[in-house]
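Asks: If you want the building blocks of each chain, they are given just below.
Protein chains: 2
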Amino acid sequence: MTNSNVHRAPRSGKDNTHLLSIPHESHQPNREPRSYERWLLDKFIRMAGSPPVCFQLWNGDRLEPEHQVARFTLTLNDPKALYSLVTTPNLAIGDLYSAGRLDIEGDLTEFMETVYRSVHAAQEQWPKWLDSLWKNPNPRSSGIAEAKENIHHHYDLGNEFYKLWLDRAEMQYTCAYYEHPENTLEQAQLAKLEHVCRKLRLKPGMTVVEAGCGWGGLARYMASHYGVSVRSYNISREQLDYAKAETERQGLTQQITYIEDDYRNIEGQYDAFVSIGMLEHVGKENYPALSNLIMRSLKPNGLALLHSIGRNRPMLMNAWIEKRIFPGAYPPSIGEFMKICEHNDFSVLDVENLRLHYAKTLTHWMENFTHHQDEVTRMYDESFTRAWRFYLAGSIAAFRVGSLQLFQVVFSHGDNNLIPQTRHDLYATPTTPEHS
Amino acid sequence: MTNSNVHRAPRSGKDNTHLLSIPHESHQPNREPRSYERWLLDKFIRMAGSPPVCFQLWNGDRLEPEHQVARFTLTLNDPKALYSLVTTPNLAIGDLYSAGRLDIEGDLTEFMETVYRSVHAAQEQWPKWLDSLWKNPNPRSSGIAEAKENIHHHYDLGNEFYKLWLDRAEMQYTCAYYEHPENTLEQAQLAKLEHVCRKLRLKPGMTVVEAGCGWGGLARYMASHYGVSVRSYNISREQLDYAKAETERQGLTQQITYIEDDYRNIEGQYDAFVSIGMLEHVGKENYPALSNLIMRSLKPNGLALLHSIGRNRPMLMNAWIEKRIFPGAYPPSIGEFMKICEHNDFSVLDVENLRLHYAKTLTHWMENFTHHQDEVTRMYDESFTRAWRFYLAGSIAAFRVGSLQLFQVVFSHGDNNLIPQTRHDLYATPTTPEHS
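Those protein sequences? They're chains W and E, same order as listed.
Quick note on the numbering used here: the first sequence kicks off at 1 and runs consecutively.
Quick note on the numbering used here: the second sequence kicks off at 1 and runs consecutively.
If you are wondering where the hints come from, they were derived from the structure by calculation, not from laboratory data.
One or more hints might be untrue.
Identical copies carry no separate label here, and so any pair may be met within one copy or between two of them.
[To be verified] Derived lysine to aspartate or glutamate pairs resembling DMTMM-like cross-links, with alpha carbons at most 25 Å apart:
#: 1; residue 1: K43; residue 2: E66
#: 2; residue 1: K148; residue 2: D415
#: 3; residue 1: K339; residue 2: D350
#: 4; residue 1: K128; residue 2: D415
#: 5; residue 1: K339; residue 2: E124
#: 6; residue 1: K135; residue 2: D345
#: 7; residue 1: K244; residue 2: E37
#: 8; residue 1: K135; residue 2: D415
#: 9; residue 1: K284; residue 2: E160
#: 10; residue 1: K128; residue 2: D345
#: 11; residue 1: K80; residue 2: E124
#: 12; residue 1: K284; residue 2: D262
#: 13; residue 1: K80; residue 2: D425
#: 14; residue 1: K339; residue 2: E182
#: 15; residue 1: K339; residue 2: D78
Fair warning: this is a prediction, and the values are worked out from it, not measured in the lab.
Same shape as in the complex, but just chain W (with noise of 0.2 Å):
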């Protein structure tokens, strides 16, 4: 499959060498399906729990689900299809769905949901043999070169992209807050930036350190909104152009300084510490440098704010997502984050966890995506544009089947007696801005 390995080029001429790259096959003949395929593939419907999904073969031969109505057709589209998944399933359902070979009918998130609660409740009776198959395999380095890599990977896709499915208010790629189930992306996004504000009880004339910066949402936030200095680190230079360019635009060139560089090579100390949706890509072997390095950065009465991906319990990221979306990724339990902070004495002081907040803002993002789709495929090609959609499918799915969580930790020095009191001081007046 690597050998087939087709880098996609968007049609905008950039450099996107690393971009998605999705496996080919040239389609086999509409031949009848062997006995022993159906054997397999009725086992693989088995080990997988099941679902209520009818499958159909390259042929048009059906097989509907037992005792139950199918609420989705998956349909393979050749018998290599099969083999490949049923021997790599977390890897190759993406791959065969991005490349055309494996079509769903019905609507992709319910579709991954009711897979992932079937597969998960099968699960607790799989000999263990099948939990190899299922296995997803430990993340890529995020060495410092290595990090560069996988972070141009995702975010270095063109700014032009994600401008036409990320909010408009101020391109936020990471979990929104919805302090009403009614608001919108934009006000979500910016009651997200505002709570982030808050947690870390900024004042005017503080300084701030951000470590990760995307479009440089935050940063423009916090100096307009609170009146703080920003140093913004990123290693995306594509969102550092656009950061950089949408600061000049707003007037804030004087608070914010933004830095091409990796969030290790952080100096100075700050009133505050904050990283919203980095440490996905750190890696949980750096989290004691990264505790350092926050231990390092922090002034002795100074809060910082890690808001990340996480998990229940410790697991590997999906395979699939891994290898095509984001390289490097791993998304930790609690457990796991606490080696950031119980490195050093930090004192956790708030863990939020809003994960129903991030299957909405998916479901938001989604939506977006759907109406921008024809323009998305005419900037890259239709598999791109199909590998997004299971992407962002399969996230809300795992949102909402609780197999992936969102952490916001407030932490501090643990000889910091000037912390937060209570919290009422987050929820003293609206969060959502009313003019958004």
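Given chain W, put chain E in place with the hints provided.
Replies: For chain E alone, kept in the frame of chain W given last:
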């Protein structure tokens, strides 16, 4: 030392064989200190980071601190007290103080805080062998039989004793919640009960199981303010006697059932699982079993709340506290705490650290205790009163310097999608009751 242990029976004549036991030794004559004794004390002072303390010996000789003014005087009343202090400092200081063989001039709490800070700072420079001198022992077992002994040791000292210095509202022997710094102990303890009920999102008709109920204050608050039915487990007979009488007095017997049994024998399924101040006594080795217990006791959409003293990083309980005050006690770090949540598929929703609230609660207890200390001495004896003062002062200091934390952790089953969306509801109205 153990041969000369004296078990203090309170004057009430109750069975108190497990009461605080303090080693006694007859005082040595007021002989001149030897030169090696001065040398030993000098080494000890340096090891402890040279705090601003003047050390006075049994013959009146004084060792003033170098390069600073002494804020406290510590008097060693006999030569053997010096050897105990130098060879087993963690355990000996409390025992010697209780027995009146060591005196402290100056505010006891500030003395403890100062010494903690001094020792903590010095520890970073210590050679390995010194660590072993200050090492705290592993907590004794918390099996079902031992738990009963351990709890009886502390909580069955007599309700009359605790009534003297706990809040007059609901006899809460756990951290209060000071919504405003000026709140009284009574207000803050009721606010704690309210805060816990809000975090559990209790609604009329719900069922709650409580592991370790003290004198039943939370059970009665939940029943009377939230209209829920409560089953409360406790192995302290004295506390249950009070809890039942008070529940009858408040006319809540229809809603509350008290069970004199170990939390491990909880049966049934409930909308909420709550435990305030019991986890410290559970023992790390029992966390997986506690996790399984909550797994089977909590309804699919139920919420669990555990409130416990904790640590920033794994650390054994102070030797004197574990030996004389709280046998079997072990306050976990959040990482260790997570062994409860991650042993099953629980989802952590909210962690709050109320460290400084406990320092304040203890300060209020200390004020009340000091006010009533002559009565305590009449009930028990002088060394009991001194031991208790030492314990309260040491605890205030430990929370102030950050060597102890207070964690409230809310979690649910991992697949519960009816979890609270935000925490705005916790803060919508004042937590502190208007009339208390």
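Asks: Taking the hints in turn, state whether each one holds.
Replies: Hints versus structure:
1. K43 to E66: within (13 Å within a copy, 79 Å between copies)
2. K148 to D415: This pair counts as neither: shortest intra-copy Cα distance 35 Å, inter-copy 35 Å.
3. K339 to D350: both (16 Å within a copy, 18 Å between copies)
4. K128 to D415: Cα proximity of K128 and D415: across copies only (24 Å, versus 47 Å in one copy).
5. K339 to E124: between (29 Å within a copy, 20 Å between copies)
6. K135 to D345: Between copies only: 18 Å across, 35 Å inside.
7. K244 to E37: For K244 and E37, the Cα distance exceeds 25 Å both inside one copy (56 Å) and across copies (68 Å).
8. K135 to D415: between (42 Å within a copy, 21 Å between copies)
9. K284 to E160: Answer is neither; intra-copy 32 Å and inter-copy 52 Å both fail.
10. K128 to D345: Between. Shortest inter-copy distance 19 Å satisfies the 25 Å Cα cut-off; intra-copy 39 Å does not.
11. K80 to E124: For K80 and E124, the Cα distance exceeds 25 Å both inside one copy (29 Å) and across copies (62 Å).
12. K284 to D262: Close inside one copy (16 Å), not across copies (39 Å); limit 25 Å.
13. K80 to D425: Intra 59 Å, inter 54 Å, cutoff 25 Å: neither.
14. K339 to E182: neither (37 Å within a copy, 36 Å between copies)
15. K339 to D78: neither (46 Å within a copy, 46 Å between copies)
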